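Number of protein chains: 2
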Amino acid sequence: MAEYSEFFSKNEPCANFEERSQRIKDFCDYHMTKNSRVILITAGGTTVPLEQKTVRFVDNISLGNRGAASAEYFLDAGYAVIYMHRQNSLEPFSRSIKGNVLDLFNAKNGTLEISNKVRGLLGEQVSRHEAARAQNRLLKVSFTTVADYLFLLRAAALHLAPLGKHAVLYLAAAVSDFYVIPEKMSEHKISSDSQLSLNFHLVPKILKPLVLSWVPDAFVISFKLETNESILLDKAHAALENYKHRLVIANDLESRRERVVLVSRTDREEIRMSLEELSAGIEIERKIVARLTELHAAFLANQ
Amino acid sequence: MAEYSEFFSKNEPCANFEERSQRIKDFCDYHMTKNSRVILITAGGTTVPLEQKTVRFVDNISLGNRGAASAEYFLDAGYAVIYMHRQNSLEPFSRSIKGNVLDLFNAKNGTLEISNKVRGLLGEQVSRHEAARAQNRLLKVSFTTVADYLFLLRAAALHLAPLGKHAVLYLAAAVSDFYVIPEKMSEHKISSDSQLSLNFHLVPKILKPLVLSWVPDAFVISFKLETNESILLDKAHAALENYKHRLVIANDLESRRERVVLVSRTDREEIRMSLEELSAGIEIERKIVARLTELHAAFLANQ
Numbered sequence: 001m002a003e004y005s006e007f008f009s010k011n012e013p014c015a016n017f018e019e020r021s022q023r024i025k026d027f028c029d030y031h032m033t034k035n036s037r038v039i040l041i042t043a044g045g046t047t048v049p050l051e052q053k054t055v056r057f058v059d060n061i062s063l064g065n066r067g068a069a070s071a072e073y074f075l076d077a078g079y080a081v082i083y084m085h086r087q088n089s090l091e092p093f094s095r096s097i098k099g100n101v102l103d104l105f106n107a108k109n110g111t112l113e114i115s116n117k118v119r120g121l122l123g124e125q126v127s128r129h130e131a132a133r134a135q136n137r138l139l140k141v142s143f144t145t146v147a148d149y150l151f152l153l154r155a156a157a158l159h160l161a162p163l164g165k166h167a168v169l170y171l172a173a174a175v176s177d178f179y180v181i182p183e184k185m186s187e188h189k190i191s192s193d194s195q196l197s198l199n200f201h202l203v204p205k206i207l208k209p210l211v212l213s214w215v216p217d218a219f220v221i222s223f224k225l226e227t228n229e230s231i232l233l234d235k236a237h238a239a240l241e242n243y244k245h246r247l248v249i250a251n252d253l254e255s256r257r258e259r260v261v262l263v264s265r266t267d268r269e270e271i272r273m274s275l276e277e278l279s280a281g282i283e284i285e286r287k288i289v290a291r292l293t294e295l296h297a298a299f300l301a302n303q
Numbered sequence: 001m002a003e004y005s006e007f008f009s010k011n012e013p014c015a016n017f018e019e020r021s022q023r024i025k026d027f028c029d030y031h032m033t034k035n036s037r038v039i040l041i042t043a044g045g046t047t048v049p050l051e052q053k054t055v056r057f058v059d060n061i062s063l064g065n066r067g068a069a070s071a072e073y074f075l076d077a078g079y080a081v082i083y084m085h086r087q088n089s090l091e092p093f094s095r096s097i098k099g100n101v102l103d104l105f106n107a108k109n110g111t112l113e114i115s116n117k118v119r120g121l122l123g124e125q126v127s128r129h130e131a132a133r134a135q136n137r138l139l140k141v142s143f144t145t146v147a148d149y150l151f152l153l154r155a156a157a158l159h160l161a162p163l164g165k166h167a168v169l170y171l172a173a174a175v176s177d178f179y180v181i182p183e184k185m186s187e188h189k190i191s192s193d194s195q196l197s198l199n200f201h202l203v204p205k206i207l208k209p210l211v212l213s214w215v216p217d218a219f220v221i222s223f224k225l226e227t228n229e230s231i232l233l234d235k236a237h238a239a240l241e242n243y244k245h246r247l248v249i250a251n252d253l254e255s256r257r258e259r260v261v262l263v264s265r266t267d268r269e270e271i272r273m274s275l276e277e278l279s280a281g282i283e284i285e286r287k288i289v290a291r292l293t294e295l296h297a298a299f300l301a302n303q
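Protein chains in written order, with the UniProt record's numbering: chain A, 1 to 303; chain B, 1 to 303.
Isolated chain A (complex conformation) (with noise of 0.2 Å):
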């Protein structure tokens, strides 16, 4: 039995995982009329829970951004979106609105009044938040666990596999690589009388069976991270060669937001922002949308 079948049959779905799903294959059924191209975005970190009756687990510091901004641009170039995040993470549309929510507003002499400071960048994001939503084109969907991600990643899978080529998988979610078999885990919030070692499995990767049979005709796009630049694009290659999707993109912890490089098969093509274009608070990820979309566009044309 393959690794990820083991996975799914030892581990549940969460409680209302069929509501989800159900939610991700309605909007696939409606943009499959439309003829929309369809792109799922993944966002934000997987957690590890280390109980059974969950209070401590492991986490990642993605916060989601690069999924939230990218879902914006994927918006502005047409696309229909599965915007699969974290819970609470960062969003589209409500990212850029920072810091405490209170501080947005004033209450004096008693009427409640919108900032001034920040009633622009409101207008225009509740605009365009209301926008895509008035034409079903956005649809937000939150996993926590890594078990509740590769459920929902393989339900959402599944149902955009009738698109074909118009469907686009962009994965930039931080799964974890590692879990706590449920059978190993401790029922109870585990004690601190004494130090504490913990074994980890591995997680099945996910990419194999996604790329080879849930939506072969896709176009599937992989992230990869790392702290280390020295072994960054080796491990973006390895991983091209096994899953055998479309494109890998690489990005180093310290500067992925000056510089990625987009890794296929044949070739490497680095993104890079100037000092300029940075201070003009312009996001990498309006370039890398941008060469995507047309990356995309030809996929479609070798149809």
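Hints were generated in silico from the structure; no laboratory data involved. Note that the structure is a prediction, hence the values are computed from the model and not measured. Any given hint might turn out to be false.
[Stated by the list, open to error] List time: in silico DSS-like cross-link candidates among lysine-lysine, alpha-carbon distance up to 25 Å:
{"id": "1", "chain 1": "B", "residue 1": "Lys-205", "chain 2": "B", "residue 2": "Lys-244"}
{"id": "2", "chain 1": "B", "residue 1": "Lys-53", "chain 2": "A", "residue 2": "Lys-235"}
{"id": "3", "chain 1": "A", "residue 1": "Lys-108", "chain 2": "B", "residue 2": "Lys-208"}
{"id": "4", "chain 1": "A", "residue 1": "Lys-25", "chain 2": "A", "residue 2": "Lys-140"}
{"id": "5", "chain 1": "A", "residue 1": "Lys-108", "chain 2": "B", "residue 2": "Lys-98"}
{"id": "6", "chain 1": "A", "residue 1": "Lys-98", "chain 2": "B", "residue 2": "Lys-140"}
{"id": "7", "chain 1": "A", "residue 1": "Lys-98", "chain 2": "B", "residue 2": "Lys-98"}
{"id": "8", "chain 1": "A", "residue 1": "Lys-10", "chain 2": "A", "residue 2": "Lys-208"}
{"id": "9", "chain 1": "B", "residue 1": "Lys-108", "chain 2": "A", "residue 2": "Lys-98"}
{"id": "10", "chain 1": "B", "residue 1": "Lys-235", "chain 2": "A", "residue 2": "Lys-53"}
{"id": "11", "chain 1": "A", "residue 1": "Lys-108", "chain 2": "B", "residue 2": "Lys-140"}
{"id": "12", "chain 1": "B", "residue 1": "Lys-287", "chain 2": "B", "residue 2": "Lys-140"}
{"id": "13", "chain 1": "B", "residue 1": "Lys-140", "chain 2": "A", "residue 2": "Lys-117"}
{"id": "14", "chain 1": "B", "residue 1": "Lys-98", "chain 2": "B", "residue 2": "Lys-287"}
{"id": "15", "chain 1": "A", "residue 1": "Lys-140", "chain 2": "B", "residue 2": "Lys-117"}
{"id": "16", "chain 1": "B", "residue 1": "Lys-165", "chain 2": "B", "residue 2": "Lys-208"}
{"id": "17", "chain 1": "B", "residue 1": "Lys-108", "chain 2": "A", "residue 2": "Lys-140"}
{"id": "18", "chain 1": "B", "residue 1": "Lys-184", "chain 2": "B", "residue 2": "Lys-235"}
{"id": "19", "chain 1": "B", "residue 1": "Lys-108", "chain 2": "A", "residue 2": "Lys-117"}
Starting from the known structure of chain A, arrange chain B on it as the hints suggest.
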């Protein structure tokens, strides 16, 4: 050398530690001149980084709601509040504003307006927040890692000490019991080529020096949370025996919003919510704080 001294010598405070410590000192000095009762409330979980260039960390499910709610009620009771919280955890007043920030507004006909559904709640919370700040009675200071938390807690305790019995420490943060010592930590993101074993050391029990040396005169309250209720009260009593502070608030994960037990060396007092109170939206923190202000007043009267 005591275990906590070793911790402070082997770990480092984070970059803006001095600035945050100074803000706490200024706040304490100001309220010393006002003869205020000052409470330090800690809230939210601490992280345990697994790598030096941190991508992964262990975390705790705490969102900081108990601390944030309690801060509001202590402000209502006239206290000056130092709210020491996990970065991005819930905060007093803003915690009630749930969901996507953009849904607080609508942009009909190009004019941005506050949604009528939330206007009342928002107005109340913005006013309360502005009032607390205008009186300089709310200081917010954030932490992320467990080391960050321990350095800040020590600094805050030392700044509170001159307030004597007027100082209350309400330690509701979910502080990790385990951590990875810096010299054993992987420099780079841990490779996913093979299964993973991690060894954690015990975090020193900071309550001991805190009660004995740093704030010997203050009213110190700690929390104990378990998922297995049968061991909860024994653990609460053991903590009081070990650390000699005033009170442990014992709570079970599942029932923590309906029932807690205030455990002192000589007494156990249950605080329980009725169904009527819960369905009226009354929070257990309101009752906890009401009782604690009585106990603190009695403690002050014994001066």
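Which of the listed hints are not met by the structure? 3, 18
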